[in-house]
Amino acid sequence: MIDEATLAQMNGEYLMPPDAGPAWRAAFAAGIDMSLLEENLRRTPWERLLANDRALALVRAVQRAKPVDDGIAH
Amino acid sequence: MMESLTEILRRLHDAKVEFTLIGGLAARHYGVTLVTEDVDICARFTPENLRRIENAFKDFHPRHRLTAHKMPFELTDELCGRLKNIYLTTDLGILDCLSEVAGVGDFEAVLRQSEAREFPFGCCYIIKMDALIQAKQAAGRPHDLMAVAQLQAIKGKDEQQKNSL
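Chains Y and D are the protein sequences, given in the same order.
Numbers 1 to 74, taken from my numbering, label the letters of the first sequence in order.
Numbers 75 to 239, taken from my numbering, label the letters of the second sequence in order.
Misleading hints may appear alongside valid ones.
Said to hold, decoys possible - Here are the computed distance ranges between Cβ atoms for each label pair:
1) 13(Y) to 158(D): 46 to 52 Å
2) 189(D) to 43(Y): 18 to 24 Å
3) 87(D) to 5(Y): 47 to 53 Å
4) 189(D) to 62(Y): 34 to 40 Å
5) 239(D) to 25(Y): 21 to 27 Å
6) 4(Y) to 111(D): 40 to 46 Å
7) 158(D) to 35(Y): 37 to 43 Å
8) 13(Y) to 176(D): 36 to 42 Å
9) 135(D) to 61(Y): 17 to 23 Å
10) 50(Y) to 216(D): 25 to 31 Å
11) 54(Y) to 141(D): 27 to 33 Å
12) 14(Y) to 135(D): 40 to 46 Å
13) 63(Y) to 189(D): 34 to 40 Å
These aren't lab readings, by the way, just hints derived from the structure by calculation.
Don't be surprised by glycine CBs; every beta carbon is placed ideally from N, CA and C.
Work out the full structure: start from the sequences and follow the hints.
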């Protein structure tokens, strides 16, 4: 049986670290996805820059994507 | 050709350009999650250093991206003395070179607020987190303020970790 707190996290609720400081809490309150920030901080600084290159390549691919007009709903 | 901001950084380093990394890529370096589409640097605007920038990107079709017809980036002695900023588009991506940073100061002031960091290709200066926060606050656009909130959260976490040692 999954408890309510775990279920809430499965559904996207962020589990605030118990030692989170005021700036961390303020960033969360401002709507920043702190779980993404935590993931990014696990990378080395160079890995973060390479991840930006990959993200930018994805952005460009999406920008270049043309609408499919073959009459079939995808 | 594949856009690569890390390759722009490497080329600046290899060409011995005097610069410090600022802006969104510096924020990424510290852990901010926002994706940035350009490399922002603060550079020494001497003719010698501007020529290094020119040489670094001469094979990548550099153009002044804000001019009406995207004029080719071709320096003259006269232009070297008059440029305060250079906004380039290249085959590797966008590179913005500033001679000063709002909220921090001119190149010397920014350099004093920078530290050398090791990258796979060598050392580069990068603006310190506190100065980056000042610059982003001075810029004040919504995405800058979003970066400020993240930088302050990261700074708070770093300080907590230092204090717990």
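- In this structure, is the beta-carbon distance linking residue 189(D) and residue 43(Y) contained in 18 to 24 Å? Hint holds: Cβ distance 19 Å, inside 18 to 24 Å.
- Cβ distance range 40 to 46 Å for residue 4(Y) and residue 111(D), holds or violated: For residue 4(Y) and residue 111(D) the Cβ distance comes to about 42 Å; the hint holds.
- For the pair residue 54(Y) and residue 141(D), does the Cβ-Cβ distance stay inside 27 to 33 Å? At roughly 31 Å between Cβ atoms, residue 141(D) and residue 54(Y) fall inside 27 to 33 Å, so the hint holds.
- Query: Should the hint that residue 13(Y) and residue 176(D) are 36 to 42 Å apart at their CB atoms be regarded as holding?
  - Reply: holds (39 Å)
- Message: Can you tell me whether the CB distance of residue 87(D) to residue 5(Y) sits inside 47 to 53 Å?
- Response: holds (48 Å)
- Given the hint of 34 to 40 Å, check if residue 63(Y) and residue 189(D) actually sit that far apart at their C-beta atoms. The hint (34 to 40 Å, Cβ to Cβ) holds, given that residue 63(Y) and residue 189(D) are roughly 35 Å apart.
- Query: Is the hinted range of 40 to 46 Å satisfied by the C-beta distance from residue 14(Y) to residue 135(D)?
  - Reply: At roughly 44 Å between Cβ atoms, residue 135(D) and residue 14(Y) fall inside 40 to 46 Å, so the hint holds.
- Go ahead and decide if the range 46 to 52 Å is satisfied by the Cβ distance of residue 13(Y) to residue 158(D). Hint holds: Cβ distance 49 Å, inside 46 to 52 Å.
- Task: Indicate whether the distance between the beta carbons of residue 158(D) and residue 35(Y) respects the range 37 to 43 Å.
- Result: holds (41 Å)
- Query: Taking the beta carbons of residue 50(Y) and residue 216(D), is their distance inside 25 to 31 Å?
  - Reply: Distance hint for residue 50(Y), residue 216(D) holds at roughly 26 Å.
- Task: Return holds or violated for the Cβ distance of residue 239(D) and residue 25(Y) against the range 21 to 27 Å.
- Result: holds (23 Å)
- Regarding residue 189(D) and residue 62(Y), is the given constraint of 34 to 40 Å on their beta-carbon distance met? Hint holds: Cβ distance 35 Å, inside 34 to 40 Å.
Violated hints are absent here; each numbered hint is respected by the structure.
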